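J.: Listed below, chain by chain, are the residues.
Protein chains: 2
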Amino acid sequence: MYVYGRNVLREILALPDGRVKVKKLFFTDQENVDRDLKRLQEESRRRGWKVETTRPERLFDLCREKKNQGVVVDIKDFPYAELEDILSSIDSKPSSTLVVLDQVQDPHNLGAIIRTAAAAGGDGIIIGVHSSAEVTPAVAKVSSGLVFRLAVARVVNIASTLEKLKKRGYWTYASATGGENLWEIEFAPRSVLVFGNENEGVRRLVRERADHLVSIPMEAGVDSLNVAAAAAVFLYERRRKAAAG
Amino acid sequence: MYVYGRNVLREILALPDGRVKVKKLFFTDQENVDRDLKRLQEESRRRGWKVETTRPERLFDLCREKKNQGVVVDIKDFPYAELEDILSSIDSKPSSTLVVLDQVQDPHNLGAIIRTAAAAGGDGIIIGVHSSAEVTPAVAKVSSGLVFRLAVARVVNIASTLEKLKKRGYWTYASATGGENLWEIEFAPRSVLVFGNENEGVRRLVRERADHLVSIPMEAGVDSLNVAAAAAVFLYERRRKAAAG
Chain A
275 MYVYGRNVLR EILALPDGRV KVKKLFFTDQ ENVDRDLKRL QEESRRRGWK VETTRPERLF
335 DLCREKKNQG VVVDIKDFPY AELEDILSSI DSKPSSTLVV LDQVQDPHNL GAIIRTAAAA
395 GGDGIIIGVH SSAEVTPAVA KVSSGLVFRL AVARVVNIAS TLEKLKKRGY WTYASATGGE
455 NLWEIEFAPR SVLVFGNENE GVRRLVRERA DHLVSIPMEA GVDSLNVAAA AAVFLYERRR
515 KAAAG
Chain B
275 MYVYGRNVLR EILALPDGRV KVKKLFFTDQ ENVDRDLKRL QEESRRRGWK VETTRPERLF
335 DLCREKKNQG VVVDIKDFPY AELEDILSSI DSKPSSTLVV LDQVQDPHNL GAIIRTAAAA
395 GGDGIIIGVH SSAEVTPAVA KVSSGLVFRL AVARVVNIAS TLEKLKKRGY WTYASATGGE
455 NLWEIEFAPR SVLVFGNENE GVRRLVRERA DHLVSIPMEA GVDSLNVAAA AAVFLYERRR
515 KAAAG
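Those protein sequences? They're chains A and B, same order as listed.
Going left to right, the first sequence walks through residues 275 to 519 as our numbering numbers them.
Going left to right, the second sequence walks through residues 275 to 519 as our numbering numbers them.
Take the hints with a grain of salt, since some may be wrong.
Identical copies carry no separate label here, and so any pair may be met within one copy or between two of them.
[Unchecked claim] No more than 16 Å apart at the CA atoms, straight line, and that leaves these computed lysine to aspartate or glutamate pairs for EDC-like:
1. K440 to E472
2. K350 to D291
3. K440 to D485
4. K341 to D380
5. K515 to E458
6. K438 to D365
7. K367 to E454
8. K367 to D397
9. K298 to E326
10. K341 to E331
11. K298 to E316
12. K440 to E358
13. K340 to D380
14. K341 to E472
15. K441 to D485
16. K340 to E408
17. K367 to D497
It should be emphasised that the hints constitute simulated quantities derived from the structure, not laboratory data.
Being a predicted model, the structure only gives us computed values, none of them experimental.
Please take these sequences and the hints and turn them into a complete structure.
T.: This is how it looks when you write it as structure tokens:
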């Protein structure tokens, strides 16, 4: 898998050894590369990774993206987390927030939600294995590399995952039209925010498992927000209230 | 200009006569079109607009987008608003919110910000004529057609526009790192929210004109949000506080 971009490499460099298997790195061979890129190249060599400099056209051939910022990283696979590992790693936190995506299909939205969740202090993202965007190089780039920082788990069944989370003490809040006003929600210390597909929203079977259906107030005649915008509003309302105690 | 998509047409249909010059509409000639599309076609005919049904391949040729949802609308130009007209139309409102974009370049971000601003009750968007995404068919689609509902004005100079707005009683809040905490901001009844370029943020000359530099709290090590996510958080924090009185 050829991921690309400087923030992506920065986040990979920040990982503990072995979390991602780096097969090889490709840097642009253009003469006037800036210091930032040189430093990233040196750091990569210090980690003992194979580094090659090559023509910009070859970088494009590898990752099929012009905006690769002069660096392409060949990694074995994206290191998905196990849900169980996410849960046990945050078990002792007084407050935690998970994000569940029910068939979000646009890679741009998935990447943006990962980035916002990492910024807002989310503890992990859970996506389905079916009819969902998965982590691709484009998702990694849009996430500004934060997909390597925030744990992402894949599950077979979203509805039964919500049941499981409820048994672990989580309360679930699904974004849906006609729900309670987001501003009036008091989030539980263990909160799960659920967002649905770009066109259909959260599926009925998933909605029925949620403890609360929640809506963002909107002007008359506007039906919905883009799912990444909705997630940003939810995640920051959650963070604001957690900070306010 | 060939705009496309059903919500785009819905918003054009909702406009007063003459606001947009509709030259012609193209609908898919596939047999099994759903009722929704049929209704849109009938409504368009009732408005006296020229309607043609044609092959899906031709729709693609016209707008270069596969996800055109079976409808392409040929409009003369995008009807930008004049800043002065926006200001006088909201002069008597007790509370108003304008969004200024300083060199936002990604059409996806511009469209998403327009959609969120319309949902959150913003009164208009101001963009620069230089180095900025302008309203394209892709922007119209991403905005879910709301670009035809929310006024968008173009100005030559963003910095002097902020000066002008301040003279009209507006207070300006620019998104920037190291600024005041968004949650502690008390917005003025007339507020202008300023967002900058995807890489560089708000330019220094524009920042210097702002009454407040404002930051969204973030986890250590995360530098910034995607500008459309940041705008969503700002716009809804503004709305929440305005609603709370």
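J.: For each hint, tell me whether it holds in the structure or not.
T.: Against the structure, the hints come out as follows:
1. Taking CA atoms no more than 16 Å apart as the test, K440 paired with E472 passes in neither setting, with 25 Å inside one copy and 38 Å between copies.
2. For a Cα distance limit of 16 Å, the shortest separation of K350 from D291 inside one copy, 14 Å, qualifies, whereas the shortest one across copies, 58 Å, does not.
3. In this assembly of identical chains, K440 and D485 lie within 16 Å of each other by CA distance solely inside one copy; the values are 9 Å within and 46 Å between copies.
4. In the homo-oligomer, the alpha carbons of K341 and D380 lie at most 16 Å apart only across protomers (13 Å), although the nearest pairing inside one protomer, at 19 Å, exceeds that limit.
5. Proximity of K515 and E458 under a CA criterion of 16 Å is satisfied in both settings, with 11 Å inside one chain copy and 13 Å between copies.
6. For the homomeric pair K438 and D365, the shortest alpha-carbon distance inside one copy (14 Å) is at most 16 Å, but the shortest distance between copies (53 Å) is not.
7. Taking identical chains as interchangeable, the C-alpha atoms of K367 and E454 are never at most 16 Å apart, the minima being 27 Å within one chain and 28 Å between chains.
8. For the homomeric pair K367 and D397, the shortest alpha-carbon distance inside one copy (10 Å) is at most 16 Å, but the shortest distance between copies (42 Å) is not.
9. Proximity of K298 and E326 under a CA criterion of 16 Å is satisfied intra-copy only: 8 Å inside one chain copy versus 54 Å between copies.
10. In this assembly of identical chains, K341 and E331 lie within 16 Å of each other by CA distance solely inside one copy; the values are 12 Å within and 30 Å between copies.
11. Proximity of K298 to E316 under the C-alpha cut-off of 16 Å is restricted to the intra-copy arrangement: shortest distance 14 Å within a copy versus 58 Å between copies.
12. In this assembly of identical chains, K440 and E358 lie within 16 Å of each other by CA distance solely inside one copy; the values are 14 Å within and 54 Å between copies.
13. For a Cα distance limit of 16 Å, the shortest separation of K340 from D380 across copies, 15 Å, qualifies, whereas the shortest one inside one copy, 20 Å, does not.
14. Taking the shortest Cα distances, K341 and E472 sit within 16 Å of each other only across copies (13 Å), while inside one copy they are farther apart (26 Å).
15. In this assembly of identical chains, K441 and D485 lie within 16 Å of each other by CA distance solely inside one copy; the values are 12 Å within and 49 Å between copies.
16. When the C-alpha separation of K340 and E408 is checked against a cutoff of 16 Å, the pair qualifies neither within a copy, at 21 Å, nor between copies, at 22 Å.
17. Neither within a single protomer nor between protomers do K367 and D497 lie at most 16 Å apart by alpha-carbon distance, with minima of 36 Å and 24 Å respectively.
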